[in-house]
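S.K.: In case you want the letters, here they are:
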Amino acid sequence: MSLTVAALLGSITVFALAIFLGFELISKVPPTLHTPLMSGANAISGITIVGALILSNTAFNDGNPGAAAWMALAALIMATINVVGGFMVTNRMLEMIAGKRRKGGE
Amino acid sequence: MVNSAVWEIGYLISAALFIFGIKQLSSPRTAPRGNRLGATGMLLAVLVTLARMYTEEVIGWELIVGGLAIGILIGSLMATKVEMTGMPELVALFNGFGGGASALVGMSEAFSRISTEGGIPEGIELYATWVAIGLSGLVGWVTLSGSLVAMMKLKGGFTIPLSKKWVRFPTWCPPWLNALKMLLLMGLLYLIWMTIEDPTNKDYIWGIVGMSSLLGILFVIPIGGADMPVVVSLLNSLSGIAAAFTGFVIGNNVLIIAGSMVGAAGLVLTFIMCKAMNRTLQDVLFKAFGGTGDKDRPTRTKVGSDPEEVAMVLDGVQKVIIVPGYGMAVSQSQHAVKEFADMMEAEGCEISYGIHPVAGRMPGHMNVLLAEANVPYEQLIEMDDINSEFPDCDVALIIGANDTTNPVARTSEGPLAGMPILDVDKARVVVIIKRSLSVGYAGVDNDLFYMDKTMMLFGDGKKMMNELNSAIKEL
Numbered sequence: 001m002s003l004t005v006a007a008l009l010g011s012i013t014v015f016a017l018a019i020f021l022g023f024e025l026i027s028k029v030p031p032t033l034h035t036p037l038m039s040g041a042n043a044i045s046g047i048t049i050v051g052a053l054i055l056s057n058t059a060f061n062d063g064n065p066g067a068a069a070w071m072a073l074a075a076l077i078m079a080t081i082n083v084v085g086g087f088m089v090t091n092r093m094l095e096m097i098a099g100k101r102r103k104g105g106e
Numbered sequence: 107m108v109n110s111a112v113w114e115i116g117y118l119i120s121a122a123l124f125i126f127g128i129k130q131l132s133s134p135r136t137a138p139r140g141n142r143l144g145a146t147g148m149l150l151a152v153l154v155t156l157a158r159m160y161t162e163e164v165i166g167w168e169l170i171v172g173g174l175a176i177g178i179l180i181g182s183l184m185a186t187k188v189e190m191t192g193m194p195e196l197v198a199l200f201n202g203f204g205g206g207a208s209a210l211v212g213m214s215e216a217f218s219r220i221s222t223e224g225g226i227p228e229g230i231e232l233y234a235t236w237v238a239i240g241l242s243g244l245v246g247w248v249t250l251s252g253s254l255v256a257m258m259k260l261k262g263g264f265t266i267p268l269s270k271k272w273v274r275f276p277t278w279c280p281p282w283l284n285a286l287k288m289l290l291l292m293g294l295l296y297l298i299w300m301t302i303e304d305p306t307n308k309d310y311i312w313g314i315v316g317m318s319s320l321l322g323i324l325f326v327i328p329i330g331g332a333d334m335p336v337v338v339s340l341l342n343s344l345s346g347i348a349a350a351f352t353g354f355v356i357g358n359n360v361l362i363i364a365g366s367m368v369g370a371a372g373l374v375l376t377f378i379m380c381k382a383m384n385r386t387l388q389d390v391l392f393k394a395f396g397g398t399g400d401k402d403r404p405t406r407t408k409v410g411s412d413p414e415e416v417a418m419v420l421d422g423v424q425k426v427i428i429v430p431g432y433g434m435a436v437s438q439s440q441h442a443v444k445e446f447a448d449m450m451e452a453e454g455c456e457i458s459y460g461i462h463p464v465a466g467r468m469p470g471h472m473n474v475l476l477a478e479a480n481v482p483y484e485q486l487i488e489m490d491d492i493n494s495e496f497p498d499c500d501v502a503l504i505i506g507a508n509d510t511t512n513p514v515a516r517t518s519e520g521p522l523a524g525m526p527i528l529d530v531d532k533a534r535v536v537v538i539i540k541r542s543l544s545v546g547y548a549g550v551d552n553d554l555f556y557m558d559k560t561m562m563l564f565g566d567g568k569k570m571m572n573e574l575n576s577a578i579k580e581l
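Line order of the protein sequences matches chains A and B.
Positions 1 to 106 (my numbering) are the ones given, in order, by the first sequence.
Positions 107 to 581 (my numbering) are the ones given, in order, by the second sequence.
Hints are computed from structural coordinates only; laboratory data are not their basis.
Worth double-checking, as some hints may not be accurate.
Claimed, not checked - Below, a list of computed lysine-lysine pairs in the DSS-like style, where the Cα atoms sit at most 25 Å apart:
#1 A:K28 with B:K129
#2 B:K261 with B:K408
#3 B:K532 with B:K559
#4 B:K569 with B:K261
#5 B:K559 with B:K408
#6 B:K559 with A:K28
Chain B on its own, in the form it takes in the complex:
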């Protein structure tokens, strides 16, 4: 019999590894080591758990080995197969799995206590355990169903295959939805209370499963595309919170520490995203935006340019700033963009990339895509640092970005008012690759399109980039 302090120390070391891991993940130099530290901490926690079970009780290997093997197989397949363009969906899905696993652990604990004689605790222990089971279920199921909806939203709403028509995933937000969500939440708290009053009744627990899953779905459905970075990072935070509550259920501190740390870190990221959109978290979550409301209908027209014209303008320029947006992700044109950058650099042109913090559908989306295309890290420049460079820049090339470049955000009017933007309009020439003049997520017309110095290349991002590249080659 090994002293139980040994196990506790093992868990403590693993918690410390998580802390260092997260810390190091937030700096580019140390991030790979941070990730390895986190993985080491996890391996240690798993080994400690297995060793403890092995020494203290009979171990039922069948389920454990089977479960681990299936999980490792599926997890590693998914992680190696995924394209960088599919990253937002995968991150959303993994968030959901984390939340779902925590909820299931809580539920399994409740069921096994109910079925064992004397398994139901009394007094303070009953309250603590059952509240923790209820909360881990509530947060966990919301995370799972919300993440699944988010994943479908991230996948859906691109082009209708034959007509090449751009459609957005419908955002459904009737005015009574917030009231319904409130009711569901209150109902859930009531159900948690009822599980304490009548701890052997499994119906209440199933009720929590159903209502929380519904709440998760209703929570993500009204939130539209460009707000997705906020949702994805919030769900990430929730998956941590769920793990922390599960830590209370099984009385294990490493779960509480790791879970609440991830919960807090995810919340920090959520607020960074909100700040980049100049919206509060409440607004993102409870006010539908751009989904169904009034949208500007562009009434002005702009004559599109040819790739050849743009290639001539680009001939011999000194400095180009590339501004990617969600359109680059959808058309998967990051490799064509890199090819363009290589050609320009060969001509002695200076290339950098202006990255808006909420460009794309998850935090850091553009950076991951461009890194995949071998764009050097030093060329990816944050919004605050690149904005002072636009006045000296010959050409700003925008690929599938709209709201993040709309000068109207500098005024105090409309939905974009006050949002930090990339100052592309200060460049000498602006080239925009975009399907049409249609409005972006915020539903506001963009004056940038109609400026005299703006050249529009209408079409799919990848196709136009390739045409532009061949036009440059022919020059």
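Isolated chain A, as found in the complex:
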């Protein structure tokens, strides 16, 4: 994997645009959704699980599973908890908030 200046600039562009996108996406959120939005967004930030997977593999395959491999494993466990727990708990909250709403409307 070699990093060129062009690739780096491309990544920085993506980074900057995604930040603007994030600001624009949720300009208005009703307070009822503050907690689910936060925990749902948090689950998405568990995307670092991709990095943890890649490194769990490469670091372990390099022959001697040294410190790097154990760190990757710890990262994988934490990221998975973050992702699975985050989406599940958000779902639970939304069921309570929005599920009731549906029932009430009918």
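Fit chain B to the supplied structure of chain A, relying on the hints for placement.
M.R.: Coordinates of chain B only, in the frame set by chain A:
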């Protein structure tokens, strides 16, 4: 050999799912779908990664399957077991895990490059990779240690079991703390610089771990209870930023997109919280507030009322607005509140709930608790919309809220000056369930307590709600 473009397209679709997911999470109608879209995007990203590793190199399943299994088990247990009252702590903990995972990925990448021959890049690549590793470590460890402190703060500081005495988690803020934080931050930037100068030296990386963790602890310790919504949403933002930096480390755009989007979205929420408290982010982060400073000592007294008296006042009223605060969360009285509302509604009374944006300890705290107690969504009304209804309201029932109802905020004096509040003092009768006349987080006495139309029910929120409910039944 599959063309690598296939993987990139897979990641792109997953990034698009995250974008739609976050967008839909911000509207009540579409929120459940938004969450599912986000989860689908995540599943896709994981599958693409696994498929790519499977086709391109030998895959070491042991660690991957083991790690995933442990994570899924713990994560799903935590998510299903948690009570809604424990939600702030859980959200804080998950934020911390996200940040910690990002930091560990960066560190693992650094260590594996150091141990492989020719793993250390040169030139621009060295700078880019090592700066990204340093920054993902800095932000990630701060997020982890800060979240753990926040979690303990959210748990701690309730009642001393035997004496039933109300204590707040100590907020520790000596005057030199901000200078120390500044020094730590500068030291960290220096360490990141040193890792580039001497990329094979692991000591600098361990130094970053230690100093960032300390910085995270010192960053949250001086921030007191009612400012917690700001801290929790800021840590949420930081966990995203850490993931974005990790994206630079491993050269993966989906991490950069998802991470920076979450970072920005978390920051938006942070500013919404700050605005609701009429304080700037700098003030929340760097000026301790109410923790140790001068507090009003209530000198006036007020005779408490009985639940029976309040029940008589409530008899036959047309409109009641319930104003919950952190006290409702602590005493877990949301079900008793709902029972009260049901009884009143059966008598033909109109019930609504006035929700202050920073009531409780995390953004949206009251809404989650009341939703758990089956309160219909339509009855939860935002501060700006409910304030015009207080003058027509017969009784405003306040449960464990203080600063968010203090009329002194309308004046230009004191720490609460200018904070948006719920206009409960405009209701015909105000009933307040509270342990004592003691001051709230801002340390300011509340004139509302001493008004002639105010009735105080002194005691624990749940206990008083239950007594009030039985008094109404007996009437």
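S.K.: It remains to establish, for every hint, whether it holds in the given structure.
M.R.: Cross-check of the supplied hints:
1. A:K28 with B:K129: holds, 10 Å
2. B:K261 with B:K408: Status violated; Cα separation ~31 Å.
3. B:K532 with B:K559: holds, 10 Å
4. B:K569 with B:K261: With Cα atoms ~21 Å apart, K569 (chain B) and K261 (chain B) stay inside 25 Å; holds.
5. B:K559 with B:K408: holds, 12 Å
6. B:K559 with A:K28: violated, 37 Å
Checked against the numbered hints given earlier, this structure breaks hints 2, 6; the rest are met.
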